Amino acid sequence: MNSEFLILMKQEMGVTLILFILLFLKIWDGIKENGILLHLINVLLLLNFLLGFVLNQNGELFNGMFATNSLRVMEKSVLNLGTLIISLQAYDYLKSHKHLLEFFMLLLSTLLGMFFMISSNNLLMFYLGIELSSIPLAAMANFDMDKIKSSEAAVKMILSSAFASALMLFGISFLYGTSGTLNFQELVSLITGSPLQVFALLLVFSGFAFKLSAVPFHLWTADVYEGAPVAVTSYLSVISKAAIVFVTLSSLAPLFSHLNEMWYHLLFVTIILTITLGNIFAIRQDNIKRFLAFSSISQVGFILLGISSGTATGATSAIYFLVVYIFSNLGAFGVIALLSSQTGKENISDLKGFYQTNPLMGWVLAISLFSLGGIPPTAGFFGKMFLVTAGAAKGNYVLITIAALNMVISLYYYLRVVKAIFMDKNETPVEPLRGSLSLRLALLICMIGVVGTGFAGGFFEHIYQLAAK
Amino acid sequence: MSSLNIVLIPLLPLAVFLLLGLFGRKYLSKFAGVIATFSVAVAAFLSLSTAYSYFFITGKTEGVYQKLEVMKFTWLQFAPNISIDMGMLIDPISVMMLVVVTFVSLMVHVFSLGYMKGEARYATYYAYLGLFTFSMLGLVLSTNIFQIYMFWELVGVSSFLLIGYYFEKPSAVAASKKAFIVTRFADLGFLIGILILGFNAETLDFGTLIQRLTDPTSTYLQGSVASSFLGISSLTWGLVMVFLGGAGKSAMFPFHIWLPDAMEGPTPVSALIHAATMVVAGVYLVARLFPVFSFDVAALDVVTYVGAFSAILAAVIACTQTDIKRVLAYSTMSQIGYMMFSLGVSRYGGEHGLGYMASMFHLFTHAFFKSLLFLGAGAVIHMVHSNEMSDMGGLRKSMPITHITFLIACLAIAGVPPFAGFFSKEEILLAAFHSNKLIYVLALFTSGLTAFYMFRLYFSIFWSKETQHTTDAHHDEHDHGEGTLSMKIPLIILGICAISSGFVPIASWITSDGLPLETHIDMAFSVAPVALGLGGILLALFLYKKANPRPDTIATSMGGFYRAAHRKFYMDELYLFITKKIIIKLVGRPAAWIDKNIVDGFMNFIAAVTALFSELIKGLQSGKLQQYAAYYFAGVLCFVLLFIYLWH
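Chains G and P, in that order, give the protein sequences.
Under the numbering used here, the first sequence has 286 at position 286, and the numbering climbs by one with no breaks.
Under the numbering used here, the second sequence has 20 at position 20, and the numbering climbs by one with no breaks.
There's no promise every hint is true.
Stated by the list, open to error - Cβ pair distances, simulated, as ranges:
| no. | chain 1 | residue 1 | chain 2 | residue 2 | range |
| --- | --- | --- | --- | --- | --- |
| 1 | P | CYS638 | G | ASN34 | 44 to 50 angstroms |
| 2 | P | GLY21 | G | LEU169 | 41 to 47 angstroms |
| 3 | G | PRO359 | P | GLU351 | 31 to 37 angstroms |
| 4 | P | CYS638 | G | ASN287 | 36 to 42 angstroms |
| 5 | G | ILE21 | P | GLY207 | 55 to 61 angstroms |
| 6 | G | VAL451 | P | SER227 | 35 to 41 angstroms |
| 7 | G | LEU196 | P | ALA226 | 38 to 44 angstroms |
| 8 | P | ASN5 | G | GLU33 | 43 to 49 angstroms |
What the hints assert, rightly or not - 25 angstroms max Cα-Cα, derived BS3-like pairs, lysine-lysine:
| no. | chain 1 | residue 1 | chain 2 | residue 2 |
| --- | --- | --- | --- | --- |
| 9 | P | LYS624 | G | LYS147 |
| 10 | G | LYS419 | P | LYS169 |
| 11 | P | LYS30 | G | LYS149 |
| 12 | P | LYS177 | G | LYS419 |
| 13 | P | LYS117 | P | LYS67 |
| 14 | G | LYS425 | P | LYS26 |
| 15 | P | LYS178 | G | LYS419 |
| 16 | G | LYS425 | P | LYS169 |
Claimed, not checked - Covered stretches of chain P, going by a simulated chain G footprint (3 or more residues, C-beta under 8 angstroms):
| no. | stretch |
| --- | --- |
| 17 | 181-187 |
| 18 | 629-642 |
Derived by calculation from the structure, the hints in this document are not laboratory data.
None of these values were measured; they are calculated from a predicted model.
Glycine residues also receive a C-beta, built at the ideal position from the N, C-alpha and C atoms.
Make a model of the complete structure from these sequences and hints.
Written out as structure tokens, the structure is:
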């Protein structure tokens, strides 16, 4: 029993262990050098990531509250990898920060919450996970303590999450009231589609949509992304989105299995709104974090498009796209983090002539944006292609046409940034940036991912094998 | 024909791209041109040897040219029954394209050695050329529709880079963006077409797809014909959408607006991209799927009429342009229109496939004389430092080689026997004559116009103002003569090709069904086009050989029509009108108005209601969080209304 317990919860255990190590480091206060601490943390995170590749086993714990299988382990590994990259990128930002250890404690708490959420097999467990993963995030948004915008972001985040959680909890209680169980498997057969249950499901769905920043539940996103430190913004836009998508795939979608048609139409409306509005707003932004925030809203719409197909191919495409998305978005955010931490500049117009002074960083940013825009041969192209193809399997050409049109629109604004980097003239371009070794390593990983994932043919198939089970 | 050779052909330019792209600027800037030229020369040699062994040794089985898959591996198993493969397909058209692409690319590489000498980003230029050549070869060799799409996009990216090569010039940046965005919109059609065809045939592989959608007994074909949208079968939709993608790359009406602007790129690039390779990708795509197209007359009709209309429209516009590269650009569009409608009037198999053969034949010959024209124009621009006809004239003495080769190319495109264009154009006209008289008349008229505007160009450059340039040439300090040897050699070689390529027996090699086709030149039939062509040349001689006021008089007497043609029939203005006026005014403004007055107003209203509740915590808030909350609740409410009360 004991060893099985450890094996099934290995990743959760890993994160908890690191949390405790950090806590003791804080109390002990023996290492004064932030740089050493950061390297130590990165090594721990790397070990935690590697944990996903050993001793895989399927099983349930705590009377079916907690369930895991190789797909879920893989999903958690993806989150671990993303966290590791973000931590590497945050080196320059955190090196001089007083509360470095708190930052990681909060970060890892949210990661732990996400792990529980992904492995939850019970609505209660799921709710605990989602709360654990969102409350510390608000504190992290406030990590630029002397900036008023950062505080604003934190307050907005915590309050809007409270609305969403309240409604979701409301929905969950209705589900419990009508079915008498919180277990996912039991719920699936007990959901018959009575108006009250549909109402409850819509409330739960809106909670998910809020976390995903799907339109019309997206309003908090831009303000929070803009105000929060870049490291937190990238965490919010990549890791927490990915976690919610994983849960949607494994838990939320099955709940709707008796209400197939409604689920599809619900997604249909959400997808069209999300992709289109996200794009329209992204076009107008000048602050690059706001710009990425709105473009990420639009990307979420594409992920939902893959999910809407309801097949294993769709699920695979969504997971595949998320992996690619992590690499490409973090590639972009890494450069922005460097720019922001060294010059304080965060506008697209500041990037004019960026290539003249920072050729390498210019390329990294451009390639990441190409991938986000879905231009071959970057992996983003394959990701989008799979999502759209999976979505097309339903034969709904209206949806596909709108999605494809939006792909072209998004290309326009991504190219606008690329144009600023390479082609626009600027008398005073930003001075050459000097990134730390950690940051360079993180960007290297991202670039390998962006270029390599598309060509590593077996990867998609590997996910498919896991998802089809 | 070993498969290693064929694999090497696209990989060599790729290697050049990687090498020069990574190290070119720092270490290899002096040798970049030589390295790139050498590797493309090897690729061209390998292509020729592949063509030789395919057409004469290994290609035929029982008299029919086969489709050979040299290499193929499953790259992504997308769904249980759909996989994406990577491979190389060798069949008559891909072998022909291999030769055309590598050969013209080689000529351009050699020409650029002199033309681009002294450019600051010399190595980058060759790196881009390598990338372009690689992607074009990949496109040509693709075995499935997804693979072709990938390379299709890559071709778009590399041409974007090449057109925008002089990125200090705002017009070049604007042109490269325009080319990219316009073709992207067309590619959108292509993507949808791929999805529709793939969805119906449940495969992306060309061979299987063609087999499934051409067999009348197959359920795939019946299914895709039976299902329809807006009264048109999904097969037709799929094919028309794919054609749309082709029309974008091939600058067919109404997607042609990017091509003239794309002349902002270096001139050798225009010779490569806008004469011989990328712009014929659309023709190639239709030819690749031709068996499926031939089953669907409606889709073929679209191809025919779009092609014919583009041919004549471009010819009329070309008569009025004064920038020599723009004349050539419109001439390219016109000739590609020829290839397109020739495919459109064709049917599958035997005699019916004459148009297919003619189209491929014209593609082949056109590649040589049009790239020759562009390179010749490059040499002229190199000397005169201007694109405008009015700055030229009387250059025949100072540039003898350019003059002679340019004349050959003009005769070839005008369809004067025995130059290359004559043969291929004859076949196209014959095919049109047998299937659609209207198209035949249009094509004949276009052919006369072609001769006229090409010789207008020729006389304006090399004759016209006699005295000025011949004397200037001796005294002008800045004059650097006709250019280096490396610029002359490609002109001479291409000149020879423009004379001789008409004698290549394409008819017995490249046909719709792989069987040799009996063709013959009918003297009586040739009288009309040749006479019209000569008439056009004589008219140009009369008007432009010596500077005189006659052209202006005619232009004035044509009045509105001339102005309209000179302004390219206001196509650019139309696009601007649609985007600026209609979309922004009719869609954007009302949307902004709704956003400002109704959405905001509604939000304010809800906010006013929630203000009561939010009063308590107002002190804590910054910004308009209460509105966000209102929005959130409103969203939930809308979903509830929509799905519980309306939908149930």
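Against the structure, the hints come out as follows:
Checked against the given bound of 44 to 50 angstroms, the beta carbons of CYS638/P and ASN34/G, roughly 49 angstroms apart, stay inside it. At about 55 angstroms, the beta-carbon gap between GLY21/P and LEU169/G misses the expected band of 41 to 47 angstroms. At roughly 59 angstroms, the beta-carbon separation of PRO359/G and GLU351/P lies outside the given 31 to 37 angstroms, and the hint is violated. Checked against the hint of 36 to 42 angstroms, the C-beta distance between CYS638/P and ASN287/G comes to roughly 29 angstroms, which is inconsistent with it.
Remark: the range hint 55 to 61 angstroms for ILE21/G to GLY207/P is upheld by a beta-carbon distance near 59 angstroms. A hinted range of 35 to 41 angstroms for the beta carbons of VAL451/G and SER227/P is consistent with their spacing of about 39 angstroms. With their beta carbons about 43 angstroms apart, LEU196/G and ALA226/P fall inside the hinted range of 38 to 44 angstroms. Taking the beta carbon of each, ASN5/P and GLU33/G are about 60 angstroms apart, not inside 43 to 49 angstroms as hinted.
Among the hinted pairs, LYS624/P with LYS147/G is consistent with the structure: their alpha-carbon atoms are about 19 angstroms apart, no more than 25 angstroms. Of the supplied pair hints, the one linking LYS419/G and LYS169/P holds, its CA atoms being roughly 13 angstroms apart against a limit of 25 angstroms. Straight-line distance between C-alpha atoms of LYS30/P and LYS149/G comes to about 53 angstroms, which puts the hinted pair past the 25 angstroms bound. For the given pair, LYS177/P sits about 9 angstroms from LYS419/G by alpha-carbon distance, which is consistent with the 25 angstroms threshold.
With a CA separation close to 42 angstroms, the supplied pair LYS117/P and LYS67/P exceeds the 25 angstroms bound. The straight-line distance between the Cα atoms of LYS425/G and LYS26/P is roughly 23 angstroms, inside the 25 angstroms bound, and the hint therefore holds. Between LYS178/P and LYS419/G the CA atoms are separated by roughly 13 angstroms; this keeps the pair inside 25 angstroms, and the hint holds. With a CA separation close to 11 angstroms, the supplied pair LYS425/G and LYS169/P stays within the 25 angstroms bound.
As drawn, the stretch 181-187 of chain P meets chain G at 3 residues by the rule of a beta-carbon pair under 8 angstroms; at three or more, the given contact holds. Coverage of the stretch 629-642 of chain P by chain G holds. Counting CB-CB distances below 8 angstroms, 11 residues qualify, and the rule asks for three or more.
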